[in-house]
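Line by line, the protein sequences are chains F and A. Numbering follows our numbering, in which position 88 of the first sequence is assigned residue number 88; successive positions increment by one, without gaps. Numbering follows our numbering, in which position 188 of the second sequence is assigned residue number 1188; successive positions increment by one, without gaps.
Any given hint could turn out to be false.
What the hints assert, rightly or not - Covered stretches of chain A, going by a simulated chain F footprint (3 or more residues, C-beta under 8 Å):
hint: 1; segment: 1087-1093
hint: 2; segment: 1124-1131
hint: 3; segment: 1148-1156
hint: 4; segment: 1232-1240
Read the hints as simulated data drawn from the structure, not as lab findings. Since the model is a prediction, treat every value here as computed from it, not as a measurement. Cβ atoms here follow ideal geometry from the backbone N, Cα and C, with glycine treated the same way.
Residue-level listing of the chains:
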Amino acid sequence: MFLTIGSGAGGTGDAILRAMFEARKRVFVDLLGWDVPVLADRYEIDQFDDPHATYLVLSDAAGNHLGSARLLETTRPHILDTLFPELCEGAIPRSAAIREITRFCLDPRQNARQRRRTRDTLVHALAAHALETGLTGYTGVAETGWLQQILAFGWDCEPLGLPHRSGQTMLGALSIAVTPDTPALLRRAGIVPDAVLSAADARHAA
Amino acid sequence: MINLAAAKEFLDLVRHATTNHELYEALAIVCAAMGFDYFALTHHVDFTARGTDAVRLHNYPPNWVAWFDENGLGVTDPVHRASQITSAGFLWDRVPGMIKLTTADRDVLERARGEGIGDGFTVPAHIPGEASGSCSFAVAPSSQVCDDHLPIAQLVGAFAFEAARRINQIRLVEADSPTLTERQRDCVLWMARGKSDWEMAQILGLSPETCTQHLNTARERFDVAKRPQLAVRALFDGHISFADVFGR
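One chain only, chain A, in its complex shape:
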């Protein structure tokens, strides 16, 4: 089993990378040293749709990536979805126990094997106010993931993701996000909790018309036409959080 002292060299390669190219090279070296064939450090966004400050560094087979992007899987990929619900690294064979897999999801996993990607280990990275991401390591279908290497993979993944944030100057979305007044935010929050304008008016001590107006103004500021989009944008930009919405 690799201990930290032995892994320090790998970790330093990743941490001290100053460009995406250096980080890619570092990940390639570390990935191979841990007995993996592939690595993928990525934000969970649709790379075809987004004019992008998001990061993606990987050495996956080109066919797989082309198909992945054609199908807009950056957001819906089952491994990425599983990664949303945990903060600890997980093996891909655990995914069926983490999220409910659809037939389409099973096709994705099957397709990956067909393209030469077998089992893998994903380290989730959730930074409040930013797109979620992850750092994954995978082996060819004929190989096995070495359990002994998972703790160091966890650590490398965490430091590599942070290096990617630093190199690409990933910043809080909030910086470019429209501002909401406290009242507008209150109304967005109660709307996200499923309250009608009348109900939120009772709760907030406002008139229903005022609540409607607050929500209309908030929609204009986010430049979205519909209320569900407003709730999602406000969540994504960190004006409200899932904990706020679910009262946890």
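So here's chain F without its partners, still in its complex pose:
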């Protein structure tokens, strides 16, 4: 698997990010039926996909999208403070050392086992990214089923407020602490990453 860490400044100009926006449309619009904007019938892109967003994208050797997540700065408008402030009971965590994880996306063209491997690798990539860039943790808004899986990754999670009903589902907000212990906590919970190369190496090799 190859990891690309991209910035929103590239938009759909970069093939890896373009593949991610397409995959996001397949997952969040086609599969999950979210009411979010779609560009040119192909790309799921919203107001938070701006130059301040950071993307972690896993691809195969041919550049096909396997999984991705979007990180938003919590010192700028993000999902929790803009769309779901009611999910946070105290002050919304805002810090240069905290990012919000959004659009965690596993490509549906993979089978169950492949998706799980991609998921595990992406979770480790998020922890590694935090440690490498000096982040202390993440926040995130999740539907309760997904929230149960986030807890099961074994990392250190705190609820930010009580869950709220939203249509047929229930949403909750979490903060996730990332420390040097986090990769070991993930492994202890059975979350084991695939070997990851940076996408730049892949292009070089090609």
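Since the structure of chain F is provided, determine the placement of chain A on it from the hints.
Relative to chain F, chain A alone:
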């Protein structure tokens, strides 16, 4: 209404439990504080049939549990079945709108009331590759569930189930599951989708005999005699998913 700050103490009791006994005690305290009489944190498996790494912690009346197990309800209990189709917590009075109830199901619900269990709230827990489970809170037939407490019950249920997984080191079934080659898995998937060996051979570009052989080998690896069992095991162990089978 309990807010998160007030509930934090309860939540911490549940999250920081290090043994099943501590988790039981924590659930008992939190359950009572939320105005419930009963709690049940359980995997949805048949506890009489399974030599078991599955978890079940509860304070239900012994008569009810004995009858529940005698009838193998771990898997077929209507509340457990309803819990399979949602990820958000639900009140038991919503179950008839969620799944089609049989006469036997109505008997189960009636019997529960007779044994002292009235209304309840169930928080489903679905972890891919593991047996599904849930954490339920219930009141005696003479009492009412307090709606204000449902959000905190949802959160406690989620964290309690995770604590139970951690304490009991519940792991991916896949670790003990036989491996399938990509081709064998493809054949199992197309079989689960209802294709004949001839049809899957056309789709996969193999001979029908090869497909039959792949499926026979897969059955041997899972040690099952029949193909429906193979499909169910492959689904349960996460080699294929419901989304794969239904193409969603």
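Open item on the list: For the segment 1232-1240 of chain A, count the residues whose Cβ lies under 8 Å from any Cβ of chain F; is that count three or more?
Closed with: Satisfied; 3 residues make the cut.
TODO: Tell me if chain F covers the segment 1148-1156 of chain A under the three-residue, 8 Å CB rule, please?
DONE: holds (count 4)
- [ ] Count residues of the segment 1124-1131 of chain A with a Cβ under 8 Å from any Cβ of chain F, then say if the count reaches three.
- [x] holds (count 6)
Task: Assertion that chain F covers the segment 1087-1093 of chain A - criterion: three or more residues, beta-carbon distance below 8 Å - done: holds (count 3)
Checked against the numbered hints given earlier, this structure breaks none of them.
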